[in-house]
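There are 2 protein chains.
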Amino acid sequence: MTESPAEMLNAALETLIPVAHRMGVRFVELRPGFVKAEVPAEGNGNHFGVIYAGVTFTLAEVLGGAIHFATFDVSTHYPLVRSVTIDFLAPGKGKLTATASMADDEIARIKALATPDAKVPFVFEAEVTGEDGTVVARTKGDYQLRPFGR
Amino acid sequence: MTESPAEMLNAALETLIPVAHRMGVRFVELRPGFVKAEVPAEGNGNHFGVIYAGVTFTLAEVLGGAIHFATFDVSTHYPLVRSVTIDFLAPGKGKLTATASMADDEIARIKALATPDAKVPFVFEAEVTGEDGTVVARTKGDYQLRPFGR
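The listed protein sequences correspond, in order, to chains R and H. When the first sequence is numbered by our numbering, its final residue is 150 and no position is left out of the sequence of numbers. When the second sequence is numbered by our numbering, its final residue is 150 and no position is left out of the sequence of numbers.
Excised from the complex, chain R in its bound form (with noise of 0.2 Å):
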C-alpha cells in the first residue's frame, strides 16, 4: 500500500485544518521543493462572484505547510507562518490552482540551519492561478521552521 505525500496529506486534512478541508482545498502535487494545490469554486465565491479572498489566502498558505512536509523533517521540526502579504491580481473565477516552489540551495541552506535548538526563517512565496492561467494572486510569507519541544 503505497500512498503519495499528495495522498497523505489530503487524507489527514480535515484533522489538520478543518477549515481548508471544508473548502475542499486539495493538494494534487507535493515533492522536495515543489507544492501544487487546488480549491474547486463551489461553496467558495462571493457576491461578486468570484472566489473570496481568505479561500485565495488560504489556498496560497496551506502550501507552507506542505513544502515542509514534503522538503523537511516533519519528525523534529514544525513550520510557523509570522506574516504574510498578499496582492489581488485578477478576479478568481473557476477552480484556482496554487504552486510554489523553494530552490535546491535554499533546501540546503534551511536544512544546515535547521539544529534541535534553531528557528530558521524562511521566506516563501505562492502564485495562485485560475482556471484560464491568470495570474489571481501572489503571496510572500515569512516563515520560521521550527524544533519541537523547544
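Hints in this document: simulated from the structure, not taken from any laboratory. Any given hint might turn out to be false.
Which copy? The list can't say, so a pair holds if one copy fits it or any two copies do.
[Claimed, not checked] In silico lysine-lysine, BS3-like type, Cα no more than 27 Å apart, as pairs: (1) 119 <-> 93; (2) 111 <-> 36; (3) 93 <-> 140; (4) 93 <-> 111; (5) 36 <-> 95; (6) 95 <-> 111; (7) 36 <-> 93.
Add chain H to chain R, keeping to what the hints say.
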C-alpha cells in the same frame, strides 16, 4: 421592525460570503467609522490547537466590507481589496474578535473623492484579539472604493 446594521449584515452573510458564514463569523457592532466581528474557536483550529491562519485572515478581511456597509453609500460604490499584509503576533486561542476604525477626516476624504467615475484607494487596518485581550494579528490592507457600473 428595526434591524441594526450588524443584524442586517449577519442575515446577509450566508449569501454574501458563504465561507465566512460557515466559519461562524458574526458582526457584533457596526457604525460609521467602527466595525467589530467575532469568530468562534469551534471548527476553526489547526493541529497545533490554535485558530487557523486563514480564519484569522478572513475575520480581519470581512471588516473591509463591513466598514464600507456601515460608512459609505452601498447603492453607488463597492469595496475591493487589492492587497493585505497580515502579521501573526500570538497564537489565537478561543473566540477571536476583530475591530477596525476609520477616522472622521479619512471618511470625509473618501466621501469627497467618491464620484461616479472615481476609484478611491484607502488603507484599512484591523486588529484581531483573543479572549484575554492578547493581540493575535494585525492586518493592513490596500482597498478601493469603486463605483458600480464602471
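Copy assignment of residue 111 with residue 36, given that the CA separation must stay at most 27 Å: So residue 111 and residue 36 pass the 27 Å test inside one copy only (22 Å; across, 42 Å).
Status of residue 111 relative to residue 95 across identical chains (alpha carbons, at most 27 Å): neither (34 Å within a copy, 36 Å between copies)
Residue 36 and residue 93: within-copy, between-copy, both or neither at 27 Å Cα: within (18 Å within a copy, 29 Å between copies)
Residue 93 and residue 140: within-copy, between-copy, both or neither at 27 Å Cα: Cα proximity of residue 93 and residue 140: in one copy and across copies (22 Å, 25 Å).
Intra/inter-copy verdict for residue 36 and residue 95 if alpha-carbon distance must be at most 27 Å: within (13 Å within a copy, 31 Å between copies)
Identical-chain pair category, residue 93 with residue 111, by Cα at 27 Å: Answer is neither; intra-copy 38 Å and inter-copy 31 Å both fail.
Homo-oligomer pair classification [residue 93, residue 119; C-alpha up to 27 Å]: Between copies only: 22 Å across, 38 Å inside.
When the structure is compared with the earlier hints, violations turn up for hints 4, 6 and for no others.
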